[in-house]
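Participant: Residues per chain, in single letters:
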Amino acid sequence: MYTRTNVYAKGGNFDDPTLLWYATAVAAMKKLALDEPTSWGFYAAMHGFNVNVWKSVNIPTTPVPSKSIQGAYWKQCQHGSWYFLPWHRGYLLGFEKVVRSFVVAAGGPADWALPFWNYFDPGENKLPPAFAALKLPDGTPNPLYTPERYGPNGDGNVYVDLSEVNEDALGLHYFTGKTAANPGFGGVDTGFSHSGRHHGALEQQPHDQVHGLVGGQQGNVSTGMVGWMADPTTAGFDPIFWLHHANIDRLWVVWNALAPANTDPTDSKWVKGPASIGEREFIAPLPGGADYIYTPGQVADTTALGYTYSELTPPSPAPSLAARFATLGIVAPASLAPGAENVDKKAELVGATQGSVPVAGAEIRASVALDSATRKKVVNSFTAVSAASPEPDRLYLHLENITGTNDATRLAVYVGPPADAHAASGTEQIAGHIALFGVREASEPDGGHAGHGISLVLDITKIVDQLHLDRAFDVDKLSVRLVPSHPVDKGDNISIGRISVYREGF
Amino acid sequence: MTSAERDRRRIKIPVAIVSLAAWAFLLVRAGGSALSGSCCLPSSLQDGFTVSSWRMLLEKNPPTQMALGWAIMVVAMMAPLMCSCIQHIRETSLTRRRLRAIGLFLLGYFVIWMAAAFVLLPIALTIRLFAPTSFLPVFVGAVLALIWQMSPVKQKCLNRKHAHPSLAPFGLRADWEAIRFGLVHGWWCFSSCWALMLLAELFPSGHLIAMALFTLWLLAEELDRPSEPHWRIRGIQKAYRVSVAQIQQWLGTNSRSVLARF
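So the sequences go chain by chain: F and S. Read in the working numbering, the first sequence has 76 at position 76, and its numbers run on one by one without any break. Read in the working numbering, the second sequence has 136 at position 136, and its numbers run on one by one without any break.
These are calculated hints, taken from the structure and not from any lab test. One or more hints might be untrue.
What the hints assert, rightly or not - Computed list of lysine to any residue pairs in SDA-like fashion (alpha-carbon distance at most 20 angstroms, straight line): (1) Lys10(F) to Asn142(F); (2) Lys67(F) to Gly235(S); (3) Lys462(F) to Arg481(F); (4) Lys97(F) to Ala110(F); (5) Lys30(F) to Pro287(F); (6) Lys346(F) to Leu99(S); (7) Lys345(F) to Pro333(F); (8) Lys67(F) to Lys238(S); (9) Lys345(F) to Ser386(F); (10) Lys346(F) to Pro152(S); (11) Lys346(F) to Arg9(S); (12) Lys345(F) to Ala332(F); (13) Lys345(F) to His88(S); (14) Lys55(F) to Gln218(F); (15) Lys31(F) to Glu96(F); (16) Lys238(S) to Ser268(F); (17) Lys346(F) to Glu5(S); (18) Lys490(F) to Asn220(F); (19) Lys67(F) to Leu172(S); (20) Lys10(F) to Ala133(F); (21) Lys477(F) to Thr95(S); (22) Lys377(F) to Leu94(S); (23) Lys376(F) to Arg96(S); (24) Lys346(F) to Lys490(F); (25) Lys156(S) to Trp188(S); (26) Lys490(F) to Gly154(F); (27) Lys346(F) to Lys238(S); (28) Lys67(F) to Ile11(S); (29) Lys346(F) to Arg90(S); (30) Lys477(F) to Leu172(S); (31) Lys477(F) to Arg97(S); (32) Lys156(S) to Asp446(F).
As the list claims (entries may be wrong) - A few chain S positions that, by computed beta-carbon distances, are all more than 10 angstroms from chain F: (33) Gln65; (34) Leu167; (35) Pro169; (36) Phe170.
We put the beta carbon where it would ideally sit given N, CA and C, even for glycine.
Taking the hints into account, I'd like the entire structure generated from these sequences.
Facilitator: See the structure below:
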C-alpha cells in the first residue's frame with residue numbers, strides 16, 4: 001500500500017527526499033520528446049492541448065504523435081461532468097506510476113508516492129518552498145520551479161488566498177447534481193451529449209479557484225501572460241498541478257468517509273464510464289509501453305487501487321439542518337437525515353437577469369428580477385414544514401454561460417437586497433468566489449463546448465435565510481455585485497450569459 | 001437512474017411519442033407501404049415535365065397537402081433532435097412560462113423548416129418531373145449529400161446547433177428570445193440537415209426507409225460532441241459505438257473493448 005503524504009510533512013523543501021526524488025523524475029520526464037507517452041509534455045497534453053496557446057507560452061509543440069495517438073490519449077480532461085473526479089484519479093495514478101519508475105531507475109525508493117498539497121492546513125497555503133526554489137541543493141536548475149506562476153496578485157508571490165477558497169463541497173450529501181439548482185459534489189450527469197458546462201461543487205471549489213490563484217496573471221493586467229496553472233491546456237506543465245490534484249483526490253476520499261450517505265453513483269453510465277455512452281475510454285500510458293485503461297467504477301476505491309493518504313481528517317462539519325430550522329424559527333420534523341440523493345427535490349427558476357452581464361472594470365452590478373409567485377413558494381417553505389415539504393428550500397445563484405478569453409479572471413460575488421433598499425433592511429453578503437478556469441476553451445464556437453462557456457453555481461441559502469429574517473426578501477429583485485481580483489479589460493470579452501436564482505425544494 | 005436522467009426522460013418520452021405518431025401517419029398516408037411514394041411529394045408523375053403536367057400535379061396535390069406532408073416529415077425526423085433544446089428551455093424558464101417558451105421555440109423552429117420547404121420541394125419536384133422513376137437523381141444526390149456530410153462547413157453548422165443560449169425570464173423579451181432560439185436553432189438544423197432531407201425526397205420508392213435511415217444518421221450526429229471543423233465521416237462512428245456499448249450493457253459484458261477505439 002502506497003501512502004501519499006503531505007508536501008509540508010518535512011517543511012515542503014528539499015530536506016524531504018520525496019520532493020528531491022520527484023524533482024529527479026520530473027527532470028527525466030522533461031528530457032523525453034513530446035511524442036513519448038511517458039514524457040512530461042505528453043502527460044500535460046492528456047489534460048489539454050492547444051497548439052496556439054502552447055506556442056504563445058513557449059512550450060515545445062513538436063514532435064507531435066500521430067493523429068490516432070492524439071485521439072486516444074490527448075485532451076481527455078473531463079471538466080463540467082460527473083466524470084471529473086474519476087478521470088483525474090486514474091490520470092494521477094498513471095502519472096504516479098510513471099514518476100515512480102523514473103525514481104526507481106535513478107536509485108530511489110520503490111514505495112515513492114505523490115505528495116499532496118493541503119493548502120487548508122494552517123500555515124501551508126504558501127507554495128511549498130521546493131517549488132519556488134530556483135536551484136536544487138546541488139546547484140543545478142530546479143525542475144519543480146516554473147516562472148509561469150504569478151499568484152493571486154500577479155507578482156510571483158504564489159499562495160492560496162484562504163479567503164477565496166473553501167471546502168463547503170464536503171457538506172453536500174449527494175455526488176450527482178442537476179444543471180438546474182445544485183450541481184452536486186461530483187458534478188452533473190451530462191447524458192449522451194457529454195458536453196456539460198456546469199462544474200461540480202468540488203470542481204468549482206477549491207479546484208478551479210486554486211488553479212486561478214496559483215497560475216494568476218503576470219502583473220494582474222490583461223496584457224500579462226496567464227500562468228500555466230490558470231489554463232487547462234497548460235496546467236499539466238506545472239509540477240505543482242499534480243500535488244493540487246492529489247489534494248482534490250484526497251478530498252474525494254474524505255467525502256466518502258464523512259457520512260454513510262456520501263456514496264458514489266451506482267448508475268451504470270457512471271460506473272462504466274463514457275465508453276458506455278459511445279465516448280472514448282479513459283486511458284493513461286504506463287512505464288514499459290503498457291496502458292492503464294479504466295472506468296470510474298474501477299477507481300472508486302483507493303484501497304483497492306493500492307494507495308491511501310496520510311491525512312484524512314475532515315474539516316469542521318457544515319451546520320446541520322437542525323441548526324437551520326432553529327435559525328429560521330420553525331419546528332423541525334421528527335427525523336432529519338440527510339438524503340443520499342436529491343431525487344425527490346424539484347429545481348425551479350426563481351428569477352434572473354433580463355439579458356447578459358458584461359464583465360469589465362473594477363466592479364460590476366446586476367439586478368436579478370424575481371418571480372413573485374415562485375418567491376412566495378420559497379417564503380412559504382421558510383415558515384413551516386409539512387409532510388409534503390419537509391425541508392425549507394435551498395437557493396442557488398447561477399452564473400450561466402460565462403464566456404471570455406481570460407482564464408485567470410477571478411471574481412468575488414456579493415448578493416443582497418436591491419441597492420435602493422440597503423438602508424431600509426438587510427445588507428449584501430458575499431456569496432463566494434469564482435475562477436474562470438477553462439473559460440477560453442469553453443467559449444470557442446468550434447470547441448467541445450460549442451462556445452456556450454462555463455456555468456458556475458454558488459449556494460446562497462444562508463444569505464436568503466438572513467434576508468428572510470431581516471424581512472428583506474420580500475422584494476422584486478436581488479442585487480448582485482461582482483468584484484474582480486483585478487480590473488477586467490474589455491478586450492477579455494468576458495460576459496455572463498445570465499445570472500439566475502434557483503430554488504431546490506419540494 | 002439519476003435525477004438528471006429522470007428529467008431528460010420527461011422530455012424524451014413525449015417527444016418520442018410525437019415522433020412515432022408522425023411516422024405512423026406517414027406510413028398510413030403512404031398506403032400502408034413504406035416502399036411507395038413520398039410523404040410530401042406526389043408519387044405519380046409519369047407525364048414528364050410539361051406545363052400541363054405541372055398544372056395537373058398541383059390540382060391533384062395542392063400545396064397545402066404538400067406542406068402538411070412536409071410538416072409531418074419534419075416532425076417525424078427532427079423531433080428526436082430537439083430534446084436537448086426543449087430540456088434547456090424547461091430548465092431555464094419559470095415554471096409558469098415553460099410550455100409557452102417551448103411552444104414559441106417550436107414555432108420559430110418550424111417557421112424555418114416550412115420556409116425551407118419553399119426551397120427544397122421545388123428542387124425535388126423538378127427533378128422528379130424530369131426523372132420520375134429513375135434512381136439516377138438519387139445517386140447524384142447521394143454523392144453530393146455525402147460530400148456535404150463530410151465537409152468542415154457541415155461540422156460548423158453542427159457546432160452552432162449545439163449552442164444553447166441564455167434566455168430572458170420575463171415578458172416580451174422572454175417570448176422573443178424563445179422564438180429567436182427556435183429560429184436560430186432551426187436555421188443551423190436546416191443548414192446541417194438539408195442535404196439528407198433533399199436526398200430523401202428524390203427517392204422514387206423506398207422513401208420512408210431512406211427517411212428512417214437518415215433520421216438515425218442525424219440523431220447520431222446530434223449525439224456527437226462539437227469539434228473542430230475538418231473533413232471526416234461523422235455520426236456513423238458515434239452510432240456504432242453507442243450501439244455496441246448499449247448491446248454490451250444489455251448483455252452484461254464490459255463495455256471496454258477494442259470497439260471503443262474504433
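Participant: None of the hints should be skipped; say for each whether it holds.
Facilitator: The hints, checked one at a time:
The hinted pair formed by Lys10(F) and Asn142(F) meets the criterion: a straight-line CA distance of about 18 angstroms does not exceed 20 angstroms. At roughly 19 angstroms between alpha-carbon atoms, Lys67(F) and Gly235(S) fall within 20 angstroms of each other, so this suggested pair holds. Restraint check: the Cα-Cα separation between Lys462(F) and Arg481(F) comes to about 17 angstroms, which is no more than 20 angstroms; the hinted pair holds. For the suggested pair Lys97(F) and Ala110(F), the alpha carbons sit about 10 angstroms apart, so the restraint of at most 20 angstroms is met.
Between the alpha carbons of Lys30(F) and Pro287(F) the distance comes to roughly 15 angstroms, so the proposed pair stays at or under 20 angstroms and holds. As the CA atoms of Lys346(F) and Leu99(S) are separated by approximately 17 angstroms, the hinted pair is consistent with the 20 angstroms bound. With a CA separation close to 17 angstroms, the supplied pair Lys345(F) and Pro333(F) stays within the 20 angstroms bound. For a cut-off of 20 angstroms, the pair hint linking Lys67(F) to Lys238(S) stands: about 18 angstroms separates their Cα positions.
As the CA atoms of Lys345(F) and Ser386(F) are separated by approximately 14 angstroms, the hinted pair is consistent with the 20 angstroms bound. A distance of roughly 41 angstroms separates the Cα atoms of Lys346(F) and Pro152(S); the hinted pair therefore is violated under the 20 angstroms criterion. Between the alpha carbons of Lys346(F) and Arg9(S) the distance comes to roughly 15 angstroms, so the proposed pair stays at or under 20 angstroms and holds. For the hint linking Lys345(F) to Ala332(F), the alpha-carbon distance of about 18 angstroms falls within 20 angstroms, and the restraint holds.
Of the pairs offered as hints, the one joining Lys345(F) and His88(S) holds, with about 18 angstroms between alpha carbons and a cut-off of 20 angstroms not exceeded. Simply put, Lys55(F) and Gln218(F) have alpha-carbon atoms about 17 angstroms apart, close enough for the 20 angstroms limit, and the pair holds. Taken as a hint, the Lys31(F) and Glu96(F) pair is honoured in the structure, with Cα atoms around 17 angstroms apart against an allowance of 20 angstroms. As the CA atoms of Lys238(S) and Ser268(F) are separated by approximately 19 angstroms, the hinted pair is consistent with the 20 angstroms bound.
Between Lys346(F) and Glu5(S) the CA atoms are separated by roughly 14 angstroms; this keeps the pair inside 20 angstroms, and the hint holds. For the hint pairing Lys490(F) with Asn220(F), the CA-to-CA distance comes to about 14 angstroms; that is within 20 angstroms, so the pair holds. For a cut-off of 20 angstroms, the pair hint linking Lys67(F) to Leu172(S) is broken: about 49 angstroms separates their Cα positions. Distance restraint check for Lys10(F) and Ala133(F): the Cα-Cα separation of roughly 16 angstroms lies within the 20 angstroms cut-off, and the hinted pair is therefore satisfied.
With a CA separation close to 18 angstroms, the supplied pair Lys477(F) and Thr95(S) stays within the 20 angstroms bound. Distance check on the hinted pair: Lys377(F) and Leu94(S) sit about 13 angstroms apart at the alpha-carbon level, within 20 angstroms; holds. Simply put, Lys376(F) and Arg96(S) have alpha-carbon atoms about 14 angstroms apart, close enough for the 20 angstroms limit, and the pair holds. With a C-alpha separation of about 38 angstroms, the suggested pair Lys346(F) and Lys490(F) falls outside the 20 angstroms cut-off, and the hint is violated.
Annotation: proposed proximity of Lys156(S) to Trp188(S) holds, straight-line Cα distance about 9 angstroms (limit 20 angstroms). Only pairs whose Cα atoms come within 20 angstroms are accepted, and Lys490(F) paired with Gly154(F) is accepted, the gap being roughly 19 angstroms. A C-alpha spacing of about 33 angstroms is found between Lys346(F) and Lys238(S), which places the hinted pair above 20 angstroms, so the restraint is violated. For the proposed pair Lys67(F) and Ile11(S), the alpha carbon gap of about 38 angstroms is over 20 angstroms, so the pair is violated.
This hinted pair checks out: Lys346(F) and Arg90(S) have alpha carbons roughly 13 angstroms apart, not beyond 20 angstroms. With a CA separation close to 18 angstroms, the supplied pair Lys477(F) and Leu172(S) stays within the 20 angstroms bound. For a cut-off of 20 angstroms, the pair hint linking Lys477(F) to Arg97(S) stands: about 18 angstroms separates their Cα positions. Our distance criterion of 20 angstroms between C-alpha atoms is met by Lys156(S) and Asp446(F), whose separation comes to about 7 angstroms.
Distance check on Gln65(S): its Cβ is at least 37 angstroms (rounded) from any Cβ of chain F, clearing the 10 angstroms threshold; non-interface status holds. Here Leu167(S) does not stay apart from chain F, with its beta-carbon only about 7 angstroms from theirs, under the 10 angstroms limit. The beta carbon of Pro169(S) sits about 4 angstroms from the closest Cβ of chain F, which is not more than 10 angstroms, so the claim that it is off the interface is violated. For Phe170(S), the condition that its CB be more than 10 angstroms from all CB atoms of chain F is violated, with the nearest at approximately 6 angstroms.
Hint compliance for this structure: hints 10, 19, 24, 27, 28, 34, 35 and 36 are not met, and every other hint is.
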